[in-house]
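Peer 1: Chains as they are written, first to last, in the numbering used here: chain C, 1 to 343; chain P, 1 to 258.
Hints in this document: simulated from the structure, not taken from any laboratory. Hints are supplied without guarantee of correctness; some may be wrong.
[Stated by the list, open to error] As a list, the in silico DSBU-like pairs of lysine-lysine whose alpha-carbon atoms are at most 35 Å apart: (1) P:Lys61 / P:Lys8; (2) C:Lys39 / P:Lys90; (3) C:Lys30 / P:Lys228.
[What the hints assert, rightly or not] If we take Cβ atoms under 8 Å as the criterion, some of the chain P residues that face chain C in the derived model are: (4) Ala67; (5) His70; (6) Cys85; (7) Phe118; (8) Asn135; (9) Ile165; (10) Ala193; (11) Ala194; (12) Leu199; (13) Leu236.
Glycine residues also receive a C-beta, built at the ideal position from the N, C-alpha and C atoms.
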Amino acid sequence: MHMANELLSVPVAAGALVVAAGSLGVICRKLRQVISSDKLALMGILGAFVFAAQMVNFRLPAMPGTSGHMVGAVLLAIILGPHAGAVAIASVVIIQCLIFQDGGLLALGCNIINMAIVPSYLGYFLYKTATTGPFSSLRAYIGATLACIVGLEAGAVLVPIQAGLSGVLLVPFSTFLITMLGVHFLVGLIEGLITVAVLGYLQQVRPDIVMGSLPGRVRLSRKAMLATLIVFTVAIGAGLSLLASGMPDGLEWSYAERPDQPEFESAVANEDPRVVVVEDFQSKYSPLPDYSIRTSRLGEAPEPEVEAAAGWTSFAGVVGSAFTMAFIWLAAWILRKKRPSKA
Amino acid sequence: MHHAHIDKFAYQDSPVHRLDSRVKFIAAIVFTAVVISLPRTSFSILACYAVGPFAVLVLAKIPLRFAIKHILMISPFVLVLALTCPLYDKTPVTVAFGPFLWHSSLGWQRCFVILGKFIVTMLALIALVSTTRFNYLLAGLQRLGLPKVLTIQLGFLYRYIFVLIDRAHHILRARQGRKLKNLGLAAELKTAAAMLGSLFIRSLDTAERINIAMQARGFDRNWRSISKLQIRRPDLFFILAAVSFLLGLHLFVKPFLQ
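In isolation and in its complexed conformation, chain P is listed as follows (with noise of 0.2 Å):
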């Protein structure tokens, strides 16, 4: 199987991918918070708090023209509802970006901010998904008082994600390679419902036979990890960093860029 992994980046090697995971996750969260609480009106700040994702990315040596085709390939729907905002609110305003001066109006501002904040936070999510492994991120949200449940529904559904897409892939190629048109509403709907009917059954035969398998080697309910979680110095260094960089941008920063 050959899928364009969306986490392909996760198991390079770099001192970002060395952190713990839990510090990472921590760090992201607190980021997007911080950026989504940033004022609705001004557009250049986010280019300062850009910088950290952007930081962290190159570092890890995620290449960049993947995380903007990622962020390009999620965006329509965020995209929607920031082009209504020009429609709605026509407040004229004039907009000074150095030696330019233009009239635009408030709504198109709020547009581009609410679009700026999108870019910046989907930045911190890719930094935090390519550089971290899903195992490494389950342990680190297990320590941090995910139910164990959970943990484990996540865990299969990673593992078994891919394969169950293959799948579906297959029964997709076999349609295509026997329907030559466009059948109408009520043959189209039984195909679908009789290719997702038998996948639906496969899927559950698959867990029948790795229920078994488990079984067979004493699984107990536990979700085991080898990976160690501890914070090490390298971790407190990050973590220095990176409250120093949202606090200097609180402080210094953002006062002058309203």
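The following block holds chain C by itself, in its conformation from the complex (with noise of 0.2 Å):
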């Protein structure tokens, strides 16, 4: 699930880290407003809890070898509110990629709003709408088993669609969808079982903590909510119908000229105000523009000097690097070989 920087092209990237911090920067001021500075520790322990929890896996029965883990971003929303749980997987999410180099540093936009904020809004939403009225244990199960999956699904589609806007991969856009829909409904549902087994533990033991009485919960506007949702969901829908649409190789394949097939038409108009824009950023923003091998194309004949030629400077730069990365651990070991004989 962590999209990694080779994935996504700069704009995308940048898009996203954009997005991500400044809701961010939204959420923690809301965050200062609603907490005290008392709960700040909380926060922080339940977040390095959710590291913690992953180390506990469980052996499935059905398939021998894998193992279910949680990830905890609904349970965390659900306890601590959608605000403090947003933040605390953030931070989750900060210190995989810098500490444990999980997901790369330009993706970690794309990570905190597919794993961090869309799962802990959509998840708290769906809970609270599933228990409301008295509380009743099998309404609480129900609505974290469907906050977990709807949750971890709404995370899940992103991910194609930021790397389909990319174009870096070469699976089909509807594949890759696909893929990633039933593994994460999979994941949802084991996550699912578990949140609600943790839950019901909690009930048995610390009924106050599962009943909403730990302090640092905050009421969200239902209106707000069913807004931000509908809004979402058209922008989700918008973007798929974009990548679907007759593009089957993902969306940069379908507007840009193909190098291997000269005789590809274009299937979107490149008149199309959308595509132009894209078109426009993106040259502006790649230093070069792709697909520079011209000289082999398909069915062509290469010419073999030009081959040569481009084999030989492309040999020399890997070579030459090389040395030059011999060259600098060489003198660093000499210069440390040396000091300590001089002191």
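Two independent chains are provided; combine them into the complex using the hints.
Peer 2: Shown next as structure tokens:
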């Protein structure tokens, strides 16, 4: 689920970073108003709890070898409230990136959106909707399972959309989407089961936590939440339809020319303002346009001299870099050897 | 407790370790962005870009075996996605590399470029993290405009991850000692839930005690750090070197290595 740098293009990654930073800023400002300073430690520790909880795996009997892990965004959102939950999970994602190098630095924006913000708010909203009225454990359990599945799926849908907009992968968009949805349905179901089981345990031992008397909980305005949900759905729907309409090979392939197939007709008319904007943006931000191997087209004999020359320059590049690295390493080694003998 | 701390080299001392954390952080981001925006078909240029983080790692006396092992550990997700490329693009391409000439497909080429970019950007990230103490990085990030709530959150998280992971290991060992066979889904789930639940409650109690201790010491929602953030001459030198490295590669090497 962790998005990697390499699957994104710079404009998409930068856009996602801006969106994530902006929404985290707003959430933090909100949080400062509703949370008192003695809850800050609690949020930090519960973030660490999510880490530790990922260590606790359990054997799935049907599939030997696989094990279930829990992610915890929905659990934290249910217990801490969506703002605090989103910030706690976002900090988990940041630490995963910085300390454990899970997911790249540029992909951080996408990861925060996919794994922290969307599941927290969506999950909290679903859980709240399911548990309106007097508390009943059955309703809480159904709500929690539903929240886990839908929250995770919503985050998982965003992964192929971001990758598709970047156009790095060659996997057809629909295949990627279906794979992600299938895998995360399973993951969400398992996580939902664990979340419910943990909630059940907590209700036996510390019912005050589950009943919502744990401090730091905030009320979301239902109307605002619904409005955001609708906007979100429309945005995703628009993105999906944009990607799915006759673009089986990812967005870029359909509006860019295909170097391997010169007779390829663009599926989308280039006058489409959206496409023009995207294209402009991409050409502006990538220092060199893609697909530079044009000497070797399909069915066309490559010109041997050009090929060989290009081969030699790239050979020189790799060998030169290797020599430079060896030189740096050797120099450092010699310097380090010398120093103790002087002292 | 004994963890293979991932940033265990951050507490060494070297010219790179002494640089301002903001400078290093921004350099890592810019470097990553530049590498990601490289053309998707040229592999050899990545080797040239790898020289930068490599030099930093060597200068900071980070063992290369550690970096390589770490990259291997985190690669599976990218590896799977990169390996799908050859399945979908089988356009034949002749690759000439020095004296060698072989036939392959555009998909394989893409696959290797994705993996190469992964390795180079991860080298940069490892170079950043293993030369910067997390406290300093946080202080730098706060100066760069990270919200205060998030800074405190990250600070706490970093402080207590290893404590709680230790506890989780204790619980796991206890389960291992008592459970002799696979119990079936319902029982496994119940055990896991009890483990997680007790871990959760213990975390709550810890948080409460920490909070009391913090209040007693006059915590006022401010994250204080003894790190002095200062751009000094070595920092300027590092900026100059990084900029000239990136510009030099972009202007003089890249046009030839398509």
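Peer 1: Mind listing which of the numbered hints don't hold for this structure, in increasing order?
Peer 2: 2, 4, 8, 13
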